[in-house]
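For the record, the sequence lines run as chains A and B.
With the numbering used here, letter number 69 in the first sequence gets 1402, and the count goes up by one each step, no holes.
With the numbering used here, letter number 26 in the second sequence gets 43, and the count goes up by one each step, no holes.
These are calculated hints, taken from the structure and not from any lab test.
These figures come from a predicted structure and were not determined experimentally.
A couple of the hints might just be wrong.
[Unchecked claim] Just so you have them, the derived chain A footprint on chain B, three or more residues with Cβ under 8 Å:
#: 1; segment: 53-61
#: 2; segment: 88-99
[Claimed, not checked] A short list of chain B residues far from chain A (calculated; beta carbon distances all over 10 Å):
#: 3; residue: Ile29
#: 4; residue: Gly74
#: 5; residue: Arg75
#: 6; residue: Ala105
Heads up, the beta-carbon is just placed ideally off N, CA and C, and yes, glycines get one too.
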Amino acid sequence: KAGVTQTPRYLIKTRGQQVTLSCSPISGHRSVSWYQQTPGQGLQFLFEYFSETQRNKGNFPGRFSGRQFSNSRSEMNVSTLELGDSALYLCASSTGTPGGKLFFGSGTQLSVL
Amino acid sequence: GIQVEQSPPDLILQEGANSTLRCNFSDSVNNLQWFHQNPWGQLINLFYIPSGTKQNGRLSATTVATERYSLLYISSSQTTDSGVYFCAVGAYSGGGADGLTFGKGTHLIIQP
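The following block holds chain A by itself, in its conformation from the complex:
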């Protein structure tokens, strides 16, 4: 079974731009969660999608948004990038049912200049 695939692996953007990150979950998994990892704040939950609906959301500004498609693939968008958005963005896949382990992709390293 293929693992969680995130693209691109690296991104460099400038302040004010927007960016879209992609995540393909493990086949059969219906839940996709997104996390931001920074040296200062550690790993923080952004949001979770299940069957194309946002089911849970963390404490991030509205510039961070996402969506999920019918094939469970998910995209995350960050608009009006700020220097502080530089981070490793990790996508996690799970069955979405209680007791489901999270399986993470390799992440997208975003640098905002």
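We have chain A already, so just place chain B on it with the hints.
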């Protein structure tokens, strides 16, 4: 929100040593997972263990939910065990799984 504290923050051991990593959490949870982040940034799920004890090879974990802590044991350490170990907790409700709250991790270095 739930607070998660991991100890020790850093640990340096020789190959072959055993270690115990601790995770304390501030509220009741029904979702607790341990992860290993390797030097390349990949997060690997080690255990889903909201209560009880599990073993997987040289690794085992115990969660005492009533006392709000979990322990990860690594025996006969190998250099490939190096990396950061995270404990993450959360809760399931009628609306599905809350996002996991991660601790700051234990940075483990295994020297040959």
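Here is what the structure says about each hint:
Beta-carbon proximity to chain A at under 8 Å applies to 5 residues in the segment 53-61 of chain B; the threshold of 3 is reached and the given coverage holds. Judged by the Cβ-Cβ criterion of 8 Å, the segment 88-99 of chain B is not covered by chain A as claimed, because only 0 of its residues qualify and three are needed. A cut-off of 10 Å between C-beta atoms confirms that Ile29(B) is not in contact with chain A; the least separation is 20 Å. Interface exclusion of Gly74(B) from chain A stands, the closest Cβ pair being 17 Å apart, more than 10 Å.
Chain A leaves Arg75(B) outside its interface by the beta-carbon criterion, the shortest separation being 19 Å against a cut-off of 10 Å. Non-interface status of Ala105(B) relative to chain A is broken: a Cβ of that chain comes within 10 Å, the nearest being about 8 Å off.
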